[in-house]
Amino acid sequence: MTKRLETFDFLRGIFIFFAFLQHYSFYMNHIWVGYYDRFYFGKLAGNIQAGLGPLPIDNILTWMVVFIVPWTIQVYLALATFNLGLNSHKLSKEKLASYNRKYLALFLYFTLEKFIIGRNIGEILSPNPLQIWMIALALLANGYFYFGVRVTSLFFVIAGTAQFYTPLNSWTRSFEEVLHNIHPEFSLEIRPDIFFLGALAGFLIGKYHHKIKDEFILLITVLSLFAIIGVNQFTPPFPYDVNNVFFDEYAWCYNIFGLASIVLTIILIISASLFLERKNFGVKLPGINQVGVHSLILFVFHRIFFIYLYLPVRLIAASLGIFPRIENTFWGNCIPILIYFGIFGIYRRLTYKKS
Numbered sequence: 001m002t003k004r005l006e007t008f009d010f011l012r013g014i015f016i017f018f019a020f021l022q023h024y025s026f027y028m029n030h031i032w033v034g035y036y037d038r039f040y041f042g043k044l045a046g047n048i049q050a051g052l053g054p055l056p057i058d059n060i061l062t063w064m065v066v067f068i069v070p071w072t073i074q075v076y077l078a079l080a081t082f083n084l085g086l087n088s089h090k091l092s093k094e095k096l097a098s099y100n101r102k103y104l105a106l107f108l109y110f111t112l113e114k115f116i117i118g119r120n121i122g123e124i125l126s127p128n129p130l131q132i133w134m135i136a137l138a139l140l141a142n143g144y145f146y147f148g149v150r151v152t153s154l155f156f157v158i159a160g161t162a163q164f165y166t167p168l169n170s171w172t173r174s175f176e177e178v179l180h181n182i183h184p185e186f187s188l189e190i191r192p193d194i195f196f197l198g199a200l201a202g203f204l205i206g207k208y209h210h211k212i213k214d215e216f217i218l219l220i221t222v223l224s225l226f227a228i229i230g231v232n233q234f235t236p237p238f239p240y241d242v243n244n245v246f247f248d249e250y251a252w253c254y255n256i257f258g259l260a261s262i263v264l265t266i267i268l269i270i271s272a273s274l275f276l277e278r279k280n281f282g283v284k285l286p287g288i289n290q291v292g293v294h295s296l297i298l299f300v301f302h303r304i305f306f307i308y309l310y311l312p313v314r315l316i317a318a319s320l321g322i323f324p325r326i327e328n329t330f331w332g333n334c335i336p337i338l339i340y341f342g343i344f345g346i347y348r349r350l351t352y353k354k355s
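Last residue of the sequence shown? That's 355 in the working numbering, and every number before it is there in order.
The set of hints was computed from the structure by calculation and includes no laboratory data. The reader is advised that the hints may include incorrect statements.
Now the in silico label distances, taken between C-beta atoms and shown as ranges [claimed, not checked]:
hint, residue 1, residue 2, range
1, ILE304, PHE18, 14 to 24 Å
2, TRP63, ILE304, 39 to 49 Å
3, ASP214, ASN243, 40 to 50 Å
4, PRO324, PHE147, 56 to 66 Å
5, ASN243, HIS183, 15 to 25 Å
6, ARG119, PHE147, 17 to 27 Å
7, ASP214, ALA317, 45 to 55 Å
8, SER170, ILE304, 28 to 38 Å
Every residue gets a Cβ at the ideal spot worked out from N, C-alpha and C, and that includes glycine.
Given only the sequences and the hints, what does the whole structure look like? Please build it.
Here it is as structure tokens:
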């Protein structure tokens, strides 16, 4: 299959929207706690209807936290590893070196970004999912190139399930307690191993899907759906806090049934998308697919845009009596996302040159 998989561009566009919405909701949670306070703009701030303390999310965002957050960040990584698997037959030493340079550059950028947007040293020094993604992608690419698919798959399965048969979690918690001496918000909740199974699933489907008949792809889709329904009978309720969108975000990754549900969801989404592509029913919506195509560059700058451009302008407007009520709502947080996408679209139009 050499044509572009439009459904996967659509998925990347949808999931990057979810990611932006989650991030922006988190920053709105803490707009008065670590980013700004009511005195930030001096006398102008008197018109802002807000108090010090966290700003809670609305009912729509709460629903999204409970039903989408448990697996969405894992799916986005799996879409990246799916692409890696899809092109694994083209992997050469030169191509691998190019991948490694890209992964390293992105790892360093996402590390530097934390010093720009972080609220405190604990948050800055704690691993974040973007850094972990680069590690997982690098391990997959290099493992596959040097050791083959079997050894790499075995490593990812063993490492990805180690927390269930070793004291890994207790060791991590003990080390985390020591690091709390640096800052109480230091966290090791985000570890590479909790992403390994989902990343491997995406990679293997990408590598082998062309060998699988359409009927079997459909069977995998249906079976994974029923498996999710069954497994979710045993998963614990997903914890949430309306004052902190990131509260215990990876809870299911540390529960065997929760992790199984995440991996099955990845298999369901990718296999269903492949089946649609096989039947020439690829999902394509103008705008969303373009966001998916350019998802990486959009992701790189979205947090800096929100914290250092959108929020100050929004607060100044509120201080002047223009939409003075500051709230943390689904529709309100969609506005900066659409503005950001619009700015990027204008930039693309201005810089695009027909060959």
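Is 39 to 49 Å right for how far apart the beta carbons of TRP63 and ILE304 are? 28 Å Cβ-Cβ, so the 39 to 49 Å window is violated.
For ASP214 and ALA317, compare the CB-CB distance with the range 45 to 55 Å and indicate the outcome. Check passed, 53 Å falls within 45 to 55 Å.
Range agreement (Cβ of PHE147 with Cβ of PRO324, hint 56 to 66 Å): holds (60 Å)
Could you check the hint for me, namely that SER170 and ILE304 are 28 to 38 Å apart, CB to CB? Given a distance of about 37 Å, which is inside 28 to 38 Å, the answer is holds.
Would you say the C-beta atoms of ILE304 and PHE18 sit inside 14 to 24 Å of each other? About 19 Å separates the Cβ atoms of ILE304 and PHE18, which means 14 to 24 Å holds.
In this structure, is the beta-carbon distance linking ASP214 and ASN243 contained in 40 to 50 Å? holds (47 Å)
Within 15 to 25 Å or not, the Cβ separation of ASN243 and HIS183? Given range 15 to 25 Å: holds, Cβ gap about 20 Å.
A range of 17 to 27 Å was offered for this pair. Does it hold for the Cβ distance of ARG119 and PHE147? Because 41 Å falls outside the window, the suggested range is violated.
Checked against the numbered hints above, the structure violates hints 2, 6; every other hint is satisfied.
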